[in-house]
Amino acid sequence: MNLFSVALKNLTRKKVRTALTIGGVAIAIAVLVSLWGFDTGYQKSLNNDIDKMGYQILVTAKGCPYEAATLMLQGGGGLRYMNEAVYQKITGDPRIDKITPQLVATAYDTTKQEGRGGISLYMGIEGSYLTLKPWSKFKSGKWFSSTDANEAIMGYEVAEYEQRAVGDKIFIPGRNEVLTVAGIFERNGTQDDGIIFLPLKTAQKIFEVPDKLTGIGIKLKDMRELSKFEEDLYNEPGIQVISLAQVKGTILNLVSSAKAMTNSVALIAVIIAVIGVVNTILMSVFERTSEIGVMKAIGASRLDIFKIIWVETTLICIFGGILGNVIALVGGKTIEYILKQVLPYAPKGHLVVITPHILALSFFGAVIMGFIAGIYPAFRASSMKPIEAIRKGE
Amino acid sequence: MKKPVIKAEGLTKIYIRGTEEVYAVNGINLEINDGDFIALMGPSGSGKTTLLDLIGCLDNISSGSLEVFGKDVSKVKENKLVGLRRGHIGFIFQEFLLIPSLTAIENVELSLYFARRPQERKKLLQLFDKVGLGHRLNHLPKEMSGGERQRVAIARALAVSPKFLIADEPTGNLDTRSSQDIFDIFKKINKDEGLTIILATHNPKLGSQADRVIYLKDGRIISKEDASL
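Protein chains in written order, with the working numbering: chain A, 5 to 398; chain B, 17 to 245.
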């Protein structure tokens, strides 16, 4: 028999009360783990999205930078047009390693989402697009047969969704044009998976924007030239330069304000859980007044009593921590689904990534919570005078 | 010549109730020797429990002097008294006061843990046999009768091999039959092992079976009877 067994057995005395208190801690820990998981997952996915774009700078027509940032991540350009002449002008710049023009267009497809309708994304590209994204591989088929062919290459997901194979005919809603599927890309985990690619000239013709582009993706030979290069481009009329580092910053800024809010909610949940634990343990200390008195009478030191109560509190928090981690792991998918519905921009991939590091940290947090919550009740119990405790309890 | 275990002179305990001073124990002179079996008797509020608390080192005295196993405890602070009690004094209460979540044997083991003594299973089994509970080792207090619970409490007190035993109304919650059974255990321990026992009781029939009966009233000793005389 030792203090640990005494504490553990005490917890089983009022099972419902113990379970409810553990539940309270578990919810707080689950919220904490999910938030930390979201923090990690979102940044990771966002980095992945941006790194997989292949370019560091996007030149677009002037417009709202936030709108441009969001649209760019969803398809590579703001839906404002600039003249293709800009591309011709800057393409010869010796600082540029790779450059590719893009024309993004959308069409409303009434058959999408089981008849509720949705936007289909199209992008006109040239061969240079692939040099910026060397990881884009064909699952089947091949590149367009010519620069103005009525052909399409489908992203992995959109092809899966529409059940398309090479050689199929696809129809662009509202455009009366039929395209032949020339190829289908492999899945690469970015927004490209959801885009239908056309040859640039074909896209300009079908969407009736001849000689227009929505964006130009650029990769520099030397990143240190970036600020000078951006500065030079500012002098060009009607365009703006967005560096992806900026976009990342902008999105993270948007997310961080929401994060501050959710962190406060998590903090409140933790505080409420701590108060709940303190309350439960205090109640059980007062109920056991005469027991504590008799333990002191038969030789328990103040430290012995302190330890029993402290271990009880810490055990509640440890069990709560374990349960909270399990809830977060199991419920992570649901939370991810909800977040994807709510967030203005959700990157591809997992939004909530719960790493062993987060689990360990939250578990450690639960233990600390137990230590803190246990101090006062343990102090109260250990300060009881044996004689008063025995008489009070009788 | 028997060694004195407890020696009190002018032992007084005053409680403050509102603005009034209550003399729960009032100038008691008492000597209890090794191997004594003493019954404290008297009406409710006569000071039996307070006297037991003082000689059991559960509470500080207000004035007078008190020596327990030759040690002057009158100036020992309340939080230091635990060191005196631990392993030296066994307690038995009217309400049994067992830990409800622990089985009979675990309750006894816990007292050994607190007394920093080894928990030897063999000795514990012998002890349970001695109190007639060898078959109830793994039962929780709620599964036992009052008499059985008090036997567990006696085993708990004896486990640490105390120098004396303090029992405050140990039969107060038991029927006549169980009361006599419990009292017989005390008598046997006193006789066989020579353990000093100080017991408070309301029951004159039981009290008269002790070696010595001390009658208390309003915190004072009104008579001492020696059964052997």
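Treat the hints as calculated values from the structure; they're not laboratory data. Careful: at least some of the hints might be erroneous.
[What the hints assert, rightly or not] Distance windows between CB atoms, simulated:
hint	chain 1	residue 1	chain 2	residue 2	range
1	B	I32	A	T266	28 to 38 Å
2	A	K337	B	S161	34 to 44 Å
3	B	R33	A	I272	44 to 54 Å
4	B	S161	A	T266	34 to 44 Å
5	A	I272	B	Q142	54 to 64 Å
6	A	T266	B	R33	52 to 62 Å
7	B	S79	A	K18	42 to 52 Å
[What the hints assert, rightly or not] According to the in silico footprint, chain B covers these stretches of chain A (three or more CB under 8 Å from chain B):
hint	region
8	89-99
9	291-298
10	301-313
11	373-379
The beta carbon of each residue, even a glycine, is placed where N, CA and C say it ideally should be.
Subject >> Index of numbered hints that the structure contradicts, given in increasing order >> reply: Checked against the structure, the hints that fail are numbers 1, 2, 4, 8, 11, while the rest are satisfied.
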